[in-house]
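2 protein chains.
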Amino acid sequence: MNYEQVFEQIKAKKSFLCVGLDSDYEKLPKHLLTHESPVFEFNRQIIDATAKYSIAYKPNLAFYESLGLQGWQALEKTVEYIRINYPDIFIIADAKRGDIGNTSKLYAKAFFENMNFDAVTVAPYMGEDSVKPFLSYNSKWVILLALTSNKGADDFQYFKENDTRLFEKVLKKSQDWADKENMMYVVGATRAEMLTDIRKIVPNHFLLVPGVGAQGGSLQEVAKYGMNNNCGLIVNSSRAIIFADNTENFANIAEQKAKEVQIEMEMLLQEKGII
Amino acid sequence: MNYEQVFEQIKAKKSFLCVGLDSDYEKLPKHLLTHESPVFEFNRQIIDATAKYSIAYKPNLAFYESLGLQGWQALEKTVEYIRINYPDIFIIADAKRGDIGNTSKLYAKAFFENMNFDAVTVAPYMGEDSVKPFLSYNSKWVILLALTSNKGADDFQYFKENDTRLFEKVLKKSQDWADKENMMYVVGATRAEMLTDIRKIVPNHFLLVPGVGAQGGSLQEVAKYGMNNNCGLIVNSSRAIIFADNTENFANIAEQKAKEVQIEMEMLLQEKGII
Numbered sequence: 001m002n003y004e005q006v007f008e009q010i011k012a013k014k015s016f017l018c019v020g021l022d023s024d025y026e027k028l029p030k031h032l033l034t035h036e037s038p039v040f041e042f043n044r045q046i047i048d049a050t051a052k053y054s055i056a057y058k059p060n061l062a063f064y065e066s067l068g069l070q071g072w073q074a075l076e077k078t079v080e081y082i083r084i085n086y087p088d089i090f091i092i093a094d095a096k097r098g099d100i101g102n103t104s105k106l107y108a109k110a111f112f113e114n115m116n117f118d119a120v121t122v123a124p125y126m127g128e129d130s131v132k133p134f135l136s137y138n139s140k141w142v143i144l145l146a147l148t149s150n151k152g153a154d155d156f157q158y159f160k161e162n163d164t165r166l167f168e169k170v171l172k173k174s175q176d177w178a179d180k181e182n183m184m185y186v187v188g189a190t191r192a193e194m195l196t197d198i199r200k201i202v203p204n205h206f207l208l209v210p211g212v213g214a215q216g217g218s219l220q221e222v223a224k225y226g227m228n229n230n231c232g233l234i235v236n237s238s239r240a241i242i243f244a245d246n247t248e249n250f251a252n253i254a255e256q257k258a259k260e261v262q263i264e265m266e267m268l269l270q271e272k273g274i275i
Numbered sequence: 001m002n003y004e005q006v007f008e009q010i011k012a013k014k015s016f017l018c019v020g021l022d023s024d025y026e027k028l029p030k031h032l033l034t035h036e037s038p039v040f041e042f043n044r045q046i047i048d049a050t051a052k053y054s055i056a057y058k059p060n061l062a063f064y065e066s067l068g069l070q071g072w073q074a075l076e077k078t079v080e081y082i083r084i085n086y087p088d089i090f091i092i093a094d095a096k097r098g099d100i101g102n103t104s105k106l107y108a109k110a111f112f113e114n115m116n117f118d119a120v121t122v123a124p125y126m127g128e129d130s131v132k133p134f135l136s137y138n139s140k141w142v143i144l145l146a147l148t149s150n151k152g153a154d155d156f157q158y159f160k161e162n163d164t165r166l167f168e169k170v171l172k173k174s175q176d177w178a179d180k181e182n183m184m185y186v187v188g189a190t191r192a193e194m195l196t197d198i199r200k201i202v203p204n205h206f207l208l209v210p211g212v213g214a215q216g217g218s219l220q221e222v223a224k225y226g227m228n229n230n231c232g233l234i235v236n237s238s239r240a241i242i243f244a245d246n247t248e249n250f251a252n253i254a255e256q257k258a259k260e261v262q263i264e265m266e267m268l269l270q271e272k273g274i275i
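Chains as they are written, first to last, in the numbering used here: chain L, 1 to 275; chain D, 1 to 275.
Check each hint, because a few of them may be wrong.
Given that identical chains are not distinguished, each listed pair holds provided it fits within a single copy or across any two copies.
Mimicking DMTMM-like on lysine to aspartate or glutamate, the simulated pairs with C-alpha atoms at most 20 Å apart in a straight line are [as the list claims (entries may be wrong)]:
1) K173 to E161
2) K52 to E26
3) K52 to D179
4) K11 to E266
5) K105 to D48
6) K172 to E161
7) K27 to E113
8) K109 to E26
9) K77 to E266
10) K105 to E26
11) K151 to E128
12) K151 to D176
13) K173 to E128
14) K132 to D176
15) K13 to D48
If you are wondering where the hints come from, they were derived from the structure by calculation, not from laboratory data.
Given only the sequences and the hints, what does the whole structure look like? Please build it.
Below is the structure:
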């Protein structure tokens, strides 16, 4: 999926919501546990309930790997299910991978060829040759960690050489490797005040913004400082939507929560004159 | 496995070799492809041939994930095979994971509980709460990326605040989270000249050193600048051992290559007065 297609979907759905499929087995509604693949069944119902309001899904790999084979199976089935039933949806492997070149190449194969994800999150620490193999696929994306939403972001991401902080160095350096057509950046919603500085370096790129909802980030703030004329934002919410309820009614509640977010996003898109 | 047990094994085997199980399906000897699990069969023969000369094995997760379910199965069987047949061996998941706390916790579960690895490589970019969940297991280890062996290491790892480079900041900061009993660091053999500076910050920690062999690092140099009184080194070789030959004789050749490295290591341990 290319830049224009992502933007078209945002305008069509009046939403820039990504639903994070952090489908923690321990938190699944109990009535699903009798299913052959409880995680897939949970995802399927969440997807059917929220696809109208979302432009992207983002399974976090940890929640699947921690279940071993059964987890991988659920992940593969989930991606396939979205592809078949909602072909316009952007699918992100939140994997935070990154290794030496010949190894990153195989991660790229795993996510882009075997599983047909549109994008994969990549950690920048190992530099160019750890990122490049992911960039050799047409219409596939690297989403590079820049400034993350967690407290530990303070440990290294603000490390400063002259007037440049590490996350800014990552944004600048990576311009040599890719452009807005195949790279996005992770910027945590809990760091919304930094979006002004970030937009100076990457005015046109899409930013994937986690941390709204359970982690406490504000959608208004994110839009205020981060939205550009092509929206330029994909805002993720995981727990606040998918685990808003854990009764047999969970999918309906997830739908309501997604719809609430979509309505807020629609207003923000209107204010900006995008729709 | 604790610090003392790792050191005891080094003295007993007169080796500090880790064999990297980067078992790339495309490079397997052709005669193995008829096996039910060619990757596991390859690993099994490599392990049986080299266990006498090695203190550790390090499967790189990318080579397994890229095969999907079949890859995960081969990985699980490999770890189990080592555990049963060579219980003294240290097993490293070269996964380079790292995510927000509740996610890292699940990666830790995947590698330490489900699969019984001794250690996992972790990327530092997201800071303390991305690393800590891996540290809550007794006698399990985090191996934190400090200075990697690849060219891309130059992009960010030498980024400098005042007189401290990022990799040094990682070494220093992480002292607050763990000590030599549960943390090691990745330092590439191609950066041997930096080991002097690194040893000033972490004189007693074990360092996992990739990059000897196919990537061009020198074992002599690594030992000269990096060895301490408890050896303090686990040197990894992958392709130069496991893919030294791809005929039916591959395991014998791998054994010879591992033995050659072990003999060199024995001399280095003797020179240092460790054995």
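Do the hints match the structure? See the list:
| no. | hint | in the structure |
| --- | --- | --- |
| 1 | K173 to E161 | both (14 Å within a copy, 17 Å between copies) |
| 2 | K52 to E26 | neither (27 Å within a copy, 42 Å between copies) |
| 3 | K52 to D179 | neither (29 Å within a copy, 50 Å between copies) |
| 4 | K11 to E266 | within (9 Å within a copy, 66 Å between copies) |
| 5 | K105 to D48 | neither (33 Å within a copy, 29 Å between copies) |
| 6 | K172 to E161 | both (13 Å within a copy, 17 Å between copies) |
| 7 | K27 to E113 | between (30 Å within a copy, 19 Å between copies) |
| 8 | K109 to E26 | between (30 Å within a copy, 13 Å between copies) |
| 9 | K77 to E266 | neither (31 Å within a copy, 50 Å between copies) |
| 10 | K105 to E26 | between (33 Å within a copy, 13 Å between copies) |
| 11 | K151 to E128 | between (26 Å within a copy, 8 Å between copies) |
| 12 | K151 to D176 | between (29 Å within a copy, 15 Å between copies) |
| 13 | K173 to E128 | within (9 Å within a copy, 24 Å between copies) |
| 14 | K132 to D176 | within (11 Å within a copy, 33 Å between copies) |
| 15 | K13 to D48 | within (15 Å within a copy, 57 Å between copies) |
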